[in-house]
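Trainee: Same order as they appear, the protein sequences are chains A and B.
Going by the working numbering, the first residue of the first sequence is number 1, and it counts up by one from there.
Going by the working numbering, the first residue of the second sequence is number 1, and it counts up by one from there.
FYI, nobody ran anything at the bench for these hints, they're computed from the structure.
Quick caveat, the model's predicted, so the values are computed rather than measured.
Glycine included, C-beta positions come from ideal geometry on N, C-alpha and C.
Wrong hints could be hidden among the right ones.
[What the hints assert, rightly or not] Only pairs whose alpha carbons sit at most 25 Å apart, straight line, appear in this in silico SDA-like list of lysine to any residue:
id, chain 1, residue 1, chain 2, residue 2
1, B, K83, B, V271
2, A, K219, B, E255
3, B, K83, A, P105
4, B, K83, A, I126
5, B, K54, A, L124
6, B, K217, B, F122
7, B, K27, A, I126
8, A, K255, B, F177
9, A, K255, B, W123
10, A, K35, B, L148
11, B, K217, A, F16
12, B, K290, A, S151
13, B, K83, B, F284
14, A, K66, A, F144
15, A, K66, B, A16
[Said to hold, decoys possible] The following label-pair restraints were derived from C-beta to C-beta distances:
id, chain 1, residue 1, chain 2, residue 2, range
16, A, I28, B, L275, 44 to 52 Å
17, B, E288, A, T45, 42 to 50 Å
18, A, L177, B, E293, 29 to 37 Å
19, B, G151, A, S251, 38 to 46 Å
20, A, V24, B, L215, 29 to 37 Å
21, A, T45, B, A8, 52 to 60 Å
22, B, D108, A, M172, 42 to 50 Å
23, A, T244, B, E293, 33 to 41 Å
24, B, L19, A, M172, 23 to 31 Å
25, A, S223, B, L26, 34 to 42 Å
26, B, N287, A, S251, 28 to 36 Å
27, A, D157, B, D108, 26 to 34 Å
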Amino acid sequence: MRRVTWFNATSLTLGFAFLYLPMVILIIYSFNESKLVTVWAGFSTKWYGELLSNQSFLDAAWVTVKVAVMSSSIATVLGTMAALVLVRSGRFSGRTLFSGMIYAPLVMPEVITGLSLLLLFIGLNIDRGVMTIVLAHTTFSMCFVSVVVSSRLVSFDRSLEEAALDLGCSQMQAFFLVTLPIIAPAVISGWLLAFTLSLDDLVIASFTAGPSSTTLPIKIWSSIRLGLSPEINALSTLMIAVVTVGVITASLISKRGSLKRQADERAAET
Amino acid sequence: MRRLALIAVPYIWLLALFLVPFLIVLKISLSDIAMAIPPYTPTLDLTEGWEGLKDFFSNLDFDNYIFLTTDDLYWKAYLSSFKIAVIATFLTLLVGYPIAYGMAAAPDHWRPTLMMLVILPFWTSFLIRVYSWIGILSNEGYLNQLLLSLGIISSPLTILNTNVAVYIGIVYTYLPFMILPIYAALERMDGSLLEAAEDLGCSRITAFWLVTFPLSKNGIIAGCFLVFIPTIGEFVIPSLLGGSRTLMIGKVLWEEFFNNRDWPVASAVAVILLLLLIIPIILFQRNEQKQREAEG
Chain A
1 MRRVTWFNAT
11 SLTLGFAFLY
21 LPMVILIIYS
31 FNESKLVTVW
41 AGFSTKWYGE
51 LLSNQSFLDA
61 AWVTVKVAVM
71 SSSIATVLGT
81 MAALVLVRSG
91 RFSGRTLFSG
101 MIYAPLVMPE
111 VITGLSLLLL
121 FIGLNIDRGV
131 MTIVLAHTTF
141 SMCFVSVVVS
151 SRLVSFDRSL
161 EEAALDLGCS
171 QMQAFFLVTL
181 PIIAPAVISG
191 WLLAFTLSLD
201 DLVIASFTAG
211 PSSTTLPIKI
221 WSSIRLGLSP
231 EINALSTLMI
241 AVVTVGVITA
251 SLISKRGSLK
261 RQADERAAET
Chain B
1 MRRLALIAVP
11 YIWLLALFLV
21 PFLIVLKISL
31 SDIAMAIPPY
41 TPTLDLTEGW
51 EGLKDFFSNL
61 DFDNYIFLTT
71 DDLYWKAYLS
81 SFKIAVIATF
91 LTLLVGYPIA
101 YGMAAAPDHW
111 RPTLMMLVIL
121 PFWTSFLIRV
131 YSWIGILSNE
141 GYLNQLLLSL
151 GIISSPLTIL
161 NTNVAVYIGI
171 VYTYLPFMIL
181 PIYAALERMD
191 GSLLEAAEDL
201 GCSRITAFWL
211 VTFPLSKNGI
221 IAGCFLVFIP
231 TIGEFVIPSL
241 LGGSRTLMIG
251 KVLWEEFFNN
261 RDWPVASAVA
271 VILLLLLIIP
281 IILFQRNEQK
291 QREAEG
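So here's chain B without its partners, still in its complex pose (with noise of 0.2 Å):
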C-alpha cells in the first residue's frame, strides 16, 4: 500500500505535467491555425460522443510538416542550430582541454579550489554571464576600446550582434560542462603510464596522443554531448548576442509562438526538434552505460 504511494504520487505528477503537456503539443502539431480562442481548430468536443471524436481524428493532418518542407526558414533554421552547435562544442573543447588538463595536473591541496572555481560560475545566473558579453563585444564596448588605445585596429570590430559572438557566448556558459567530465576522466589516471612511455622513448608531446588523450575518450565524448545537446535548442545566446541573421531554432520556435501566434506551427517545428535530439541523446546515454560497465 506505501509502495504504491510512493510510485504513484510522483509517477501521477509526471504523467499529469510532462506526458499529457507534450501529447498536447503532438496533437496541436496536428491540427490548423483559427482565427478563435484557442487559436486551432479541431478541438475536441466529447459531448458529442463518437462523432465528435471521429470528426476530431479526420480533421487531424500533416499540413504543418509538409508546410515546414516548403518553406525555407525552418530547414535552414535546423540546418543552422546543427552547425552552431557542432562548431560551439569544438570550440568549447579547445578552450576546456587544457584547463581540464592543468586542473589534473595541480598539486594535490590546490584541486578543491580550482574545482570550486568552476563550479561556482555554473550557479550564478546564466542570463547575467550571457549580458556581461553585450558591454564587452559592443561597437563601443571595454575589447574595442583596449584594442583602439593600444593601436591594434583603428576602427572597431562588429562583433555584437554577429555568429562570433553566439560562438563566444556559448563557449563561456558551457565551459564547465565540458572541464568537468575531462578532469574526471583526467584525474583518474595512472601517472606510470606517462613515465612508462616515456621510458621507452616517447617524446611529451608522442606520450600525450598515445597515452593520455585516448584515456581521457571518454570525458571528452561526455563533455561535447553535455555542450552540444542543450546548445541545439538554445534561445537567451542567439536573442541577445546574435544578430538578424543568427538563425536558431529555439528562437525560431518563440517568435513562431509569440510574435506570430501559429501555435500549430511552433508545435510542429518543437516535435522535430525532440525527433532530432532523440539521436544524440541516445547516443550519450549509450556512452555513459558503457563507461559505467567499464568500470565495473
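So here's chain A without its partners, still in its complex pose (with noise of 0.2 Å):
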C-alpha cells in the first residue's frame, strides 16, 4: 500500500508536530532571559549557567550515571544468562516460575515494584543508597535485556557453535569466540535500554534511594512540583541534545553495519 495521499500526508505532519513540538518549545524557552518561564523576554543562556553551578543538580547526574552504568552492567549480564536458559536449558522443574518472574517485571505497575523492594530492604535492614539503587534497576531492567536477547537467539544458527565445538573450542570459548560476537548487537541494545531504563526511572529510585543518593529524576521531581522552573528548561534542553545525537550515531553505524554486511554478502555470492 504505497499512496501518498493528502490525508496520509496530514496525519503525519499533526501526528509529528504533535509529538515534537512540546520539545521543540521547551528548548526554545530554556534561552528565555526571563524568570517566568512563559514570558519571552530576550535570548540569553545564563539559566545554563545557573544550571552548570548549581552543585546539587551535578551530584544527582553524577549519582545517576552510576547507578545506570553499573545497574545496566550487571543487568545486561544477568539478562543475557536468563535468555540463555529461556531459549537453550529446554525443560528443568522450575521453569514456569523462571519465565514468570522474566516477564512480570515488564508490566508490573513501578509503584508495586518500588514498594516491594523498599519493604524488602527495610526487612533485611539494608542501608538505603546507591547499593539498593543499583539491585533495584538490575532487577527490572534485567529482564528486558533478557526479552531482547532470547528474540535474537531463536534464530541463531546453532550449527556455528557445533563446528566451533568440533575444532577443538571448549563450551566457553565456543560462547565467547562465536556466539557472543553475533548476538553482540542484541546485547549491545539490551544495554542501552537497561541505561536508558535507568536515567528515566523516578518511581523506583524514589522508594529505594536514601538521602544522600538523590537521582537526577528524583531531583527533576521535587524541583518541578513546585511548577516551572528555567533551570529544568535548560537541563531538558541538555537530555535532549545527549539523548538525539545518540541515537542518530547509533543508528548511522548500524545502517553502516548493515550495508557493509550486504556488500560482503554480494562478494560472497559472486
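Dock chain to chain to rebuild the complex, using the hints, since each chain is given by itself in its own frame.
Mentor: Here it is as C-alpha cells:
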C-alpha cells in the first residue's frame, strides 16, 4: 500500500508536530532571559550557567550515571544468562516460575516494584543508598535485556557453535568466540535499553534511594512539583541533545554495518 | 555443572529481588499498623520457635482488605483509574492509527527515518516529556497565549490540573507504544488486497473498513494493551498534570505510603491492583501467542 494522499501527508505532519512541538517549545524557552518561563524576554544562556554552577544538580547527575552504568552492566550479564536459559535449557523443574519472573516485571506497575523492594531492604535492615538503587534497577532491567537477547537467540544457527566445538573449542570458548560476537548487536541494544530505563526511572528510585543518593529524576521531580523552572528547561534541553546525538549516531553505525554486510554477502555470492 | 550455574544465578537473583519482596508485600498487607519500627505488627520472631510461628500466623488477618471496601476513596480510585485508562487508550488509538497508517503508506526510503522519529521520544526522559506540557497547558501557558492573541477565547481556559491534561499527557507519552504494533501489522499487509476490493466495487472508505482495519486488528489489540496496562498504575502523569480531584490508584498508593505512612494499607492496595491487572495481562499474552501461531 504505497499511496501518498493528502490524508496520509496531513496525519503524518500533524502527528509528528504533536510529538515534537512540546519539546521544541521547551528548547526555545530554555534560552529565555526571564525567570517567568512562559513570558519571552529576550535570548540568554544564563540558565545554563545557573544550572552548571548548581552543585546539587551536578551531584545528582553523577549519582544517576553511576547507578545507570552499574545496573545496566550487571543487568546485561544476568539478562543474557537468563535469555540463554529461556531459549536453550529446555525443560527443567521451576521453568514456568522462571519465565514468569522474567515477564512479570515488564508489566508490573512501578509503584508496586518500588514498594516491594523498599519493604525487602527495610526487612533486611539494609541502608538505602546507591547500592539499593542499583539492585532495584538491575532487577527490572535484566528482564528487558533477556527479552531483547532471547529474540535474537531464537534465530541463532547453532551449527556454528557445533562447528567450533568440533574444532576443539571448549563450551566457554565457543560461547565467547562464536556466539557472543554474533549476538553482540542484541546484547548492546539490551544494555542501551537498560541504561536508558535506569536514567529515566523516578518511581522505583524514589522508593529505594536514601537521603545521600538523590538521582537526577528525583531532583527534577522535587523542582517541578513546585511549578515551572527555567533551570529545568535548560537541563531538559541538554538531555534531549545528548539523546538525539546518541540515537542518530547509533542508527548511522547500524546502517553502515548493514550496508557492509550486504556488500559482503554480494561479494560472497559472486 | 555449568548449566546449573547458568540457571541458578539469574534464578536466585529474581527469587531474592522479585518474588520474595512481593511475598513480603503480601504478608504486610495482612498485618496491622503499629507505632513501631517497622510500623506494622506482627513481625516474625524465629527465636521463639514453633510458638512464635503460631503466634505470627494467628495475628494475620484481612482487616486491611475489609477497610479498603468500607472506605469510598479506594474503590473510587480503582474505578477512576480504570475509566481514565480506557478513555486514554481509546484516544491514543484515535491519534496513533492515522500516524501508523501514514507511515505504512509512505515511500520505502522514508520509512527508516519515520521509524526513528517515532522511537526517539521513547529514549528521552519520560519526566521531561510530561513536564513539557505544564508550560503549554497552564493558565498563562503557550496554548492560552496563542488562543487569546488569535481572539478565539476571551479568558484563559483551565486545562492544567484537570483530567483533560491527564489524557493529553497519557496520549503524548504512550503514543509510540500504540503506533509501532499497528504500523508493524499494516506494513505486512498486501496492497493488492485493496486493489481487488476496489476492483470489485468498494469505495476507498469501505475498502478500509472491510480490508485494512480487520487486517490490522492484532496490531490494534497489542497497542491497546501496551497503553492500557501501564496507564492503570500510572503515578507521574496524574501527579504532575492532574488536579486534586484526579483519582488514580498509583497516586493513592504513593500517598498512603509516603504521606500517611500506613504500610499495611499501601500493601493491600498494591495486592489488589496486581490482582486486577492479571486479567488484562493474561488476555494480552494470549493475543500475542495467537499472533505467533498465525505467523507459523
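Trainee: Can you tell me whether the CB distance of E288 (chain B) to T45 (chain A) sits inside 42 to 50 Å?
Mentor: Holds, at about 48 Å.
Trainee: Does P105 (chain A) sit within 25 Å of K83 (chain B), going by the straight-line distance between their CA atoms?
Mentor: 24 Å, holds
Trainee: CB of S223 (chain A) to CB of L26 (chain B), is that within 34 to 42 Å?
Mentor: 36 Å, holds
Trainee: With respect to the beta-carbon atoms only, verify the hint that L19 (chain B) and M172 (chain A) lie 23 to 31 Å apart.
Mentor: 30 Å, holds
Trainee: K217 (chain B) and F16 (chain A): Cα distance at most 25 Å?
Mentor: 23 Å, holds
Trainee: Mind checking the alpha carbons of K83 (chain B) and V271 (chain B) for me, to see if they're no more than 25 Å apart?
Mentor: 20 Å, holds
Trainee: Taken at face value, is the distance from the CA of L148 (chain B) to the CA of K35 (chain A) at most 25 Å?
Mentor: Given pair K35 (chain A), L148 (chain B) holds - Cα atoms ~22 Å apart, limit 25 Å.
Trainee: Indicate whether the distance between the beta carbons of T244 (chain A) and E293 (chain B) respects the range 33 to 41 Å.
Mentor: 39 Å, holds
Trainee: Given the range 28 to 36 Å, decide if the beta-carbon distance of N287 (chain B) to S251 (chain A) lies inside it.
Mentor: About 30 Å separates the Cβ atoms of N287 (chain B) and S251 (chain A), which means 28 to 36 Å holds.
Trainee: Would you say the C-beta atoms of T45 (chain A) and A8 (chain B) sit inside 52 to 60 Å of each other?
Mentor: 54 Å, holds
Trainee: Is the Cα-Cα distance between K27 (chain B) and I126 (chain A) 25 Å or less?
Mentor: 19 Å, holds
Trainee: Against the range 38 to 46 Å, how does the distance between the Cβ atoms of G151 (chain B) and S251 (chain A) compare: consistent or not?
Mentor: 44 Å, holds
Of the numbered hints listed earlier, the single one contradicted by the structure is hint 4.
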